[in-house]
Amino acid sequence: MTFQLTQIDFQTILPSMIMFGMGMVVLLLETLRRSGSTTPLAVVSLLSLAAAGYASAVQLGWGGQGFSGSVIADDFSLAFNLVFVTATALVILISIPYLEKSGLKYGEYYALLLFATGGMMVMGSSLDLLMIFVGLEILSISSYILCGMLRADVRSNESAMKYFLLGAFATGFLLYGMVMIYGATGTIHLRKIGAALAQPEMYSNPYIWFGMGLLIVGFGFKLALAPFHMWTPDVYEGAPTAVTAFLSVGPKAAGFAALIRVMIEGLGRMHNEWDMVFWVLAALTMTLGNVVAIQQNNIKRMLAYSSIAHAGYILAALVVATEEGLGAILFYSLVYVFMNIGVFAILILAATPKNERLTFDDYKGFGYVSPLLGLAMFVFMLSMMGIPLTGGFVGKFQIFKAVVDQGYIWLAIVGVLNSVVSVYYYLRIVVVMYMQPQDSKSINEKPAFSLPLAVAITASLAGVVFLGILPAGWMEFSSHSVSVLVASF
Amino acid sequence: MNILFYLFAVLAVLGASSVLYMRNPVYCTLSLVGAFFSLGVIYVLLNSEFIATVQVLVYAGAIMVLFLFVIMLLNVETEKRFPFRWRPPQVIGAVLAGVIFVQLVGLFANPRSQTGPLADYPADRLAREGTVETIGQLLFTDYVLPFEVISVLLLVAIIGAVVLAKRRVKNEGTEGQ
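Quick mapping for you: the protein sequence lines, in order, are chains A and B. Just so it is clear: in the first sequence, position 394 is 989 by my numbering, and no numbers are missing. Just so it is clear: in the second sequence, position 100 is 104 by my numbering, and no numbers are missing.
Everything labelled a hint here was simulated from the structure, so no lab data went into it. Careful: at least some of the hints might be erroneous.
To be verified - Just the calculated beta-carbon pair ranges, DEER-fashion:
(1) A/V872 to B/D124: 28 to 36 Å
(2) B/N79 to A/G659: 54 to 62 Å
(3) B/E53 to A/V1050: 37 to 45 Å
(4) A/L627 to B/F54: 37 to 45 Å
(5) A/D1000 to B/G97: 46 to 54 Å
Remember, predicted model here, so these are calculated numbers, not experimental data. Here a beta-carbon is modelled for each residue, glycine too, at the ideal position from N, C-alpha and C.
Could you put the whole structure together from the sequences, leaning on the hints where they help?
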């Protein structure tokens, strides 16, 4: 029996291959490392991220498909690749001092981050349910391990175990949904699913509905949308702080990339059916995230709920599914990377090996102890609230504008009310920093200078302010990138 | 054929539910073996001999033996009981489960759900070309990329096992205590 071998188009998966390959190189280098710090491995990882980012940037505008059409290097996936690379690079920068402070001497940490980034790139660039699933699993399993890296810390173990069990459960939903859709349409290729849905009898096939419901539940778990968010606070609180920073930005952006692909290219024709589902999920997610965040005293936990709320805002843009809305998702993902990792960088800088400094009381008078860091925190909080001249404002404005333009007025009202609620807990940290006197328990020494953290905070600050004042470039680029999606409606 | 299907379908469901109801973990594992084996028979009835063989060899064989080893090595102590009580979350959960059950019954009773489109590989074509050949061919043509990328997934899982389980916990990672 003879058959044609598939053409191997390595260019189409070049960025993710760089990530996987360099992850293995980092593993090999780890075996050569006798003792001493893991910082050289971090430098290698940063260089490979730069290479992957460069490879993505060079391919912009290409749109080549490979491996029987199961992956595509179009501007949508490449733009998301740039977001992933930025997020992971910032996370590696904040990890270098974090690993030193927490005495974590595993070089595998960086290898796992690279593998996870490769998985995210696979998720964004696949046109086929199977590849999305494999990419998601690479990302998830790396994340479970990263959460449990602090083995002497019970909360870190709890975090990894909880994430693993609930993540495996969610994977079951996702896979079952994919199987149902395959059963109904006879294909796992998203564009062929889209084409199959053009037949009216397919549209009323119950398996499609069942599969779509299960897919939404599965993605809801992975993206921590209410009411599937139960794992988030415990996992985020227990995981090493640098990993929490990664979890709250990278996997979310990747999950949204894959969700957009599935919902627009695959099930786009059923938009009138799924938009109300996402409407309810978005409203629930923002409200729950914001209302519960108010009651938190631990900043890491507060940021966990805040990330749930931000996922809700982003989801609101998916409801409208217009070019404008989807572009806003890409725009907001990058803004969120900068502002969230910026806050985590400050938390890591203020932490000491003895005390992680994660309660609000620790930051009493912090604005006077370290004026520059206080100012940076202030700007990040303004951006989280969505105050003009920061990236957060432009992102939220775009999302709500797209939502209103399509007539989902109530969703926009819920979103804006939620932004108002969020001001309370974001401003609380500013009030604590500037208006409450220091006491013996709060931070009373200026944190020691650390080059990687200084770079990370400066870059995040620059990103937030730049996207706030001159958003046009990235805004146009993001709406251009989503225009290459083959919407099937 | 139909009788065989119903027989093994019932056996699979019985096996799966006795995993939940059995008290002794070894019995649970053994009933899971039974469930996997019955699923294997159902695969044969669906003309998927290769998947049936793999199901029995890998799941019912290798993985369940590992399960048994782990259970026996862990030396499970006296059973811990978690008394069940009807509290609001349980009530809500039961109501939702009931609603979904009714919907599923409606779904599968719907005559439309009996007729799906034929995929590229219907039973007669598989019988002509052979299941193993077809799977092998697909793995190296259309699905070569997932096939290869799964190796990264396995590598990550191995790293996880080594990082989380093999090394001794010294005094690393004591922050926050």
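| said: Taking 46 to 54 Å as the stated bounds, is the beta-carbon spacing between A/D1000 and B/G97 within them? | reply: Between A/D1000 and B/G97, where Cβ atoms are some 39 Å apart, the hint is violated.
| field | 54 to 62 Å as the expected CB spacing between A/G659 and B/N79, which holds or is violated | value | 57 Å, holds
| Distance restraint hint 37 to 45 Å, applied to the beta-carbon atoms of B/E53 and A/V1050 | Violated, at about 59 Å.
| message | Given a hint of 37 to 45 Å, does the C-beta separation of A/L627 and B/F54 actually sit inside it? | response | For A/L627 and B/F54 the Cβ distance comes to about 43 Å; the hint holds.
| said: Given a hint of 28 to 36 Å, does the C-beta separation of A/V872 and B/D124 actually sit inside it? | reply: Because 31 Å falls inside the window, the suggested range holds.
Hint check: violations occur at hints 3, 5; the rest are consistent with the structure.
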